[in-house]
Each structure stands twice: as structure tokens, then as C-alpha cells.
Amino acid sequence: MAPRLLAGRNVRSTPSSGVGRTAPPWTILAVFIAPAFLLYTVFLVWPLVQALFFSFFEWKGTARGAFVGFDNFGVLINRFPLNEQLPNAFWHNWIFFFGTMAIQVALGLLFAVLLQRKRRGKQFFRTTFVLPFMISALVVGYIWGLILNPTFGPFNAMLKSIGLENLARPWLGDPATAFPVVILVNVWYWLGFPMLLFAAGLAAIPEDYAEAARVDGASSWQVFKHVTFPLLTPVFGTVAILTFIRSFNVFGLVWALAGVDGGPAGATDVLGLLFYRTAFQGGVDAFGVASALAVVMFITIFGVSMIARWWFGRIEEGLA
Amino acid sequence: MKKLMQGRLVPLLMLFLAFALVASACGGSDEPADTTTTVADAGGGGDDGGDDGTTTTAAPADPVDPVTLTVWSWRTEDEDAYNEIFDVYEAANPGVTVEFVPFVNTDYNTILSTGLTGDGGPDVAQLRAYGGIQPLIEAGQLLPIDGELDLSNFTDNVLKAATGQSDGRVYGVPFAYQAFTAFYNVGIFDELGLSEPTTWDEWISTLDALDAAGYIPISAPAADNWMLAIIHDAIGAPRYGGQDFEAAILAGEKDFTDPDYVASIGLMQDLQQYLPDDVVGVSYEDSKTLFLTEQAGIFIGGSFEIGFWRDNGPDLDLGVFAVPAPPDSLAESSVVGWMDGSYGVNASSDSVDDAKKLVEWMGTVEFGQLFTTKIKQLSPIPGTTPDDPLLAEFGELFAASPVSYLSLVNFRYGDPSADSLFREGVVKMWLGDSTPEEIAADVQAGVFQWFTPGG
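Protein sequence lines correspond, in order, to chains Y and C. According to the numbering used here, the stretch in the first sequence is residues 1 to 320, in order. According to the numbering used here, the stretch in the second sequence is residues 321 to 775, in order.
Derived DEER-like restraints, expressed as beta-carbon distance ranges:
hint: 1; chain 1: Y; residue 1: M158; chain 2: C; residue 2: E522; range: 37 to 43 Å
hint: 2; chain 1: C; residue 1: T705; chain 2: Y; residue 2: F70; range: 52 to 58 Å
hint: 3; chain 1: Y; residue 1: I103; chain 2: C; residue 2: E757; range: 37 to 43 Å
Below, in silico cross-link-like pairs of lysine to any residue (SDA-like), each with a Cα-Cα straight-line distance of 25 Å or less:
hint: 4; chain 1: C; residue 1: K608; chain 2: C; residue 2: M547
hint: 5; chain 1: C; residue 1: K694; chain 2: C; residue 2: V421
hint: 6; chain 1: C; residue 1: K748; chain 2: Y; residue 2: W94
hint: 7; chain 1: C; residue 1: K696; chain 2: C; residue 2: E716
hint: 8; chain 1: Y; residue 1: K160; chain 2: Y; residue 2: P175
hint: 9; chain 1: C; residue 1: K748; chain 2: Y; residue 2: L184
hint: 10; chain 1: C; residue 1: K694; chain 2: C; residue 2: L612
hint: 11; chain 1: C; residue 1: K480; chain 2: C; residue 2: T426
hint: 12; chain 1: C; residue 1: K574; chain 2: C; residue 2: L587
hint: 13; chain 1: C; residue 1: K748; chain 2: Y; residue 2: A256
hint: 14; chain 1: C; residue 1: K748; chain 2: Y; residue 2: Q281
hint: 15; chain 1: C; residue 1: K480; chain 2: Y; residue 2: Q281
hint: 16; chain 1: C; residue 1: K748; chain 2: Y; residue 2: F90
hint: 17; chain 1: C; residue 1: K608; chain 2: Y; residue 2: P175
hint: 18; chain 1: C; residue 1: K748; chain 2: C; residue 2: D597
hint: 19; chain 1: C; residue 1: K480; chain 2: Y; residue 2: F280
hint: 20; chain 1: Y; residue 1: K160; chain 2: C; residue 2: D531
hint: 21; chain 1: C; residue 1: K608; chain 2: C; residue 2: Q589
hint: 22; chain 1: C; residue 1: K748; chain 2: Y; residue 2: W91
hint: 23; chain 1: C; residue 1: K748; chain 2: Y; residue 2: L167
hint: 24; chain 1: C; residue 1: K480; chain 2: C; residue 2: K696
No lab work stands behind these hints, which were simulated from the structure alone. Note that this is a predicted model, so its numbers are computed, not measured. Using N, Cα and C, we set each Cβ at its ideal position, and we do this for glycine too.
Please build the complete structure, drawing on both the sequences and the hints.
Structure follows, in C-alpha cells:
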């Protein structure tokens, strides 16, 4: 089997063979493209178009009424307390993104670099760091909610047992600590992901570059700062964009930690929770208003992601 | 072979693949897509839905033809009890099988509104009360039953829970009402020589005595803040005038900034010292656990919690009392109550006549008695008596001095609801970021965007 495979590989890599040089006929291409294209269209593009369509109509329960133009978007801006909750939640999504990004990039990169140098136990630590994001966000939120419970939780009990009772507080019930705690739990939950991406990015950098720098007398820090770090730019871009999308779509974790109102007193409210409340706890016209909110969320996520992609692309070009 | 691939096989394969994908995709997306068209159509016919329901039904008249009626509900915990209740109906109605299908409470509204739009929905559905039922009525998904079924066991006040706000027609048979007042731990009260308070001064000295003895006087949650509007009514309704205030605000004679209403919110501020430490971090489950583990002496709660206490604290000796009226009250001490929901008929059911017959039975004393005995909740049907003495006491207290749960009964018909603004405000107040005046102003500003007095 192996010789045949090898032979196959040789054939493909030999320019004279001609196999794979001409583009396959459109029918073949279509067969391969069709499944993904159809799934994508039916499950992603169509619902998005539908949400946009819905947002322009008046709704009574699930019955569509008259065309109302941008009225539902007007409700988002004008109806109290939506007009206060929307900017509050929007702002929180940004803080969530920047907070998560700052901590998880620093720690993810640190762990990736440390693990790259480590020879023994690499697989064990890598698996350990990645383990949390294999658990459902709801479960993670629930478990941390129990740990941080002010009345029965082990965290405050531990603080009290080691004489730090002054630090014990209702971590998720105090507006000053609730959102930072949510961000930290999110970092704990998702840390393995940037770490894996950075590890892959580090592995892809040829050792020759670092060697050449060392020959020129560069210290380890200088090698990291001037060689490794710039070459990881594409990974930063990927981590930033994916973290942004996740941050603006976050729902389950915050819901499990802080409840559907994003308590206390809206301190942890995010767009996902606001959407849920608008859609499922709103009035008779909830469908239209929630669709309008979904459109606003999509435009934000899509727009910022595109700009970020373009920006990181330019940085990469500058490096090349 | 290659030629064949390019010539015929590939387009055929493609066609097959595309068909398979579209077919499978439609299986998944058909429901929402259907939602728009069928529901819109149903909505169009909603105004005269009653006639539709009776004329379009194709249910065979022959009673021996077997029919299966599906009943959807949000009470997963009551599945066995409901099956026993429906066994009684099945025995009296040969050929009818009632299938009880419960869904998770928190997802039920979404599941039901989707289920009612297409095929595969229930014949009979458990419906939320007051504002909660309106989206389904507006969408024409329910059959009006007034004038069709015998509803003589219910007063207008009870039927309000299942009445369409725009057309004034009744769409469901109410199944339960809830009452809300103070539970207390009889053991702790005995230990401290306390008795049920009958005046506000006694109430305060009871709380102080519990506090001095190291107990949490009142266990309450603010992390799950939906309880707060209820606690407010349980304590403050007499202060703002209870039913009189309700009538005045509905008529446009008063509003939420009324000084007596503001003063009633002030009672919530005074209450904070008697609640668990860091109450804004205490969840509903935590607050129940504090009471269950005898760390708290009083729990302001509802008749729907009796089952929980019985199951989880069988040895807990419980009593109930109505919180005495605070000073300067405009009304007597009262017990807050509201209809929990109703059972109605799916407008697009295939077995409308059988479904109506079942729903009509759910408004009889026979059903009401089975319901209150087996499910341990209060039935609104006169002549039914709960087995559980505590539940019976709840019923008696409510009957003696009933007051509507103001925000749920009247101010959940639009967005934002009064209680969503109120409870958010109370949390802020307990955090030191709001005042009773600000809370009242917020509720007023929010609710009066959609509420028209006298309308």
C-alpha cells in the first residue's frame, strides 16, 4: 500500500504527468460545491435574509402584519428601557471582547511558548488547558455559579478558612465584580483555543530564523520580540476575529452565571441576553423588534470582522 | 467510464444530491418557514376564528372512532398526576386517548408558539395567563370558547386570565390560581416564643427577634429577581390601596408615581435589613435552601412552593400568615393572588370537537377536585377542596382578603412589563443606586408607552 501511495504522490508532483493540471469540468466542481453551498444557503443565508425581512414588518405574536419600514429599528432606539439597555449591552460586549482578548492572548501565548520548550508532559498540559472548552458553556457557567455562590459556595468558604474573609463577597451579586468575574470565567473556559492556535503558529515558524538571529548575537527575548512575535501576526488576526465573533454572540455562559436579566441591575447584560429577553419575554410585537436587534447584531459582527480582516491583512502584507 | 461520469452520471448524481439536501433541509427549516405563511393566514382568520373552528371541523360524529388528543404543558413535574387525571376522562369517554406531553418550563412559550403554527402541534395547550396568552390570540392560533363551552364555574375576574385584550373573548379554561403570602418555620417561632403577627408592630418585632437570635428573618432572592414584584405586593399592597388602586390606575385616576405607591416601594427598602446578606447575589434556589435548612425563619412565597417544601423538607413544620398591613395603609391586610394559566384549544387541531369537549371537562368540579388533590395546587373552581391543610389555608386566606398581583394581572400586556422594570429597580435600590421615587418613575415611563388608561 505504501509504495502505491508514494507512487501516487510522485505522479502528482511530476509536472510531466499532466494529472491535475487542467481544471475539472464544471459538473464535477458543482457536485463538490453543491452540498456545502446548499447547507450554507439554507441554514445560514436564508435565515439571515428572513430575519432582515421580518424586521420590516409589524408582528402580532407569530402573525405577520403590515410593512412598517424601519419602525422596529426605531423601537430599539426609542422605547424605554430598550433605549438604555441596548447601549449598555453593546458596551458590555466590547468590554467582554477587550477583556477576554487581553487576558487570553497574554496567557495563551505564554502557555504556548512554555509548552513548546517543554519536552515532557506537553500533551498532558495541552489537553488540560483545552479541556474546559469541550464542556458546554451552560455547564461551565453553572459550575462557576456554584463555586462563587455567596451563601453556599466553596470559594468564599475557602477565603474565610484562610483568614481572608474581608475578601469574601457576592462575586456575581456585586456590580463591581460581576462582569470582571464573567470575563475571567470566559477566559478560563476558552484559554485552550488561542493556546492551540499560537502553538500551531509557533510550530510553523522555521527554526532557521531563530538560529540565524542567535548567530547574529540576539538574546532569547530579542529573538522572541523581533522574529517570533511578528511572524505570529496572522495568528493574532485569527484569534482577534474569532474572539470578537464569540464575544458578540456570547449568551449561554452569561445566562448561566448572571441570569437572563444580566444581573445585578444590568451589570452583566450583553446583546445575546437582550435579544433573548426581547424575543421571548417581550410583548405582542416581540418578533419584529427582536428581528431588528438580530440584524443590528449581525451587521456589527460582520462589519467589524471584515474591517479587522482587512486591517490584519495589511499588517501581514507589510511584514512580507 | 470517465466519459460516462461527465456525460450522464454526474448531472444525475447532482440532481439526486441537491434533492436530498433540499428535502432534508426543508425538514428542519419547514417549521419556521411555515410559521410565516400558515400563521399569517391563521392570523387573518383569527377574528372569526370561532366560526372557523366549528364549521371546518371534520371530526367524525361516531363516538367509537378512536381519537388521540395531545395536551401540551410546561409542568414536567406533574406528568404522572395529569396522566392519572386523564385516565378518569378516558374511562368516561371510550375511544378517546389523552396524551399528556410536558416541555421544559422555560422553553415552553417558544415551543408552543412554533407548535401551534403547523402540523404536529397539540390539540389542547396549557396557556400562560393575562399578557402571556395575547401573542397566541393575536396570531389566531387559539379557538375562542365563550358561547361554545359551559364556563359557568368561573367569574369574569377569573376568566380575565384567558381573555383576549383586543376582542374580549375567552380562549381558555383556567386551571389554577396561586396565592402569595408568608410561610414561617413553626419550630423556630416556638423556640423563640413568637406567634403569627397580627399588627405591623408585631411583624417588625418578630423580624427583630429572629434577627437577634441569629436567624435570617426573611429569606428572599434578588439574583433571580422575579420574586421581588410579588414580595412587594405581599407586603405593600395594603399600603398603596390594593384593589382600589388597581381600579384607579386602570381608570386613569392614579398612576405609578402616586405617593402611596411610592411609599409602598419604600417598604421594600426598609425590608432589606431583614433579608440575607448580599441579597442581590442570592438565587431563588438559595433562598429556598436557606428556609429549608432552617437558617431563615420566614419565606415570602407562593402556594406553588408547598409541593417543594413537602418533598424536600417533609419534617419541616410550616405555617402561613398574611403580612399585617403597614402604617398609613389604604386597605386591609391582604393575600396576593393570580390565575396561573388556562387550557385552550388549538385553532388548527384536527379534532376540534373532541378537544373542546376535553377542555369543557377541565372546567368541571370533577376535574378541579382531581387537580387540587393530585397536583396540590389551588383550583379556581368553586366546590373544590385541597387535601393539604397548608394549601387549604392558603385558599382560605386568599378568599378572605384577595388582592390581584397588580403587575402580572394588568401590566404584562406590552413591552416593557411593569414587573420587569420594578424588579430591576428594586435590585438597584438595594445596591444603593436607586430610590423608590426613581423606581416608580421608571415603571410609569416604561408602562405608559403602551398602556392607555380606561382602554
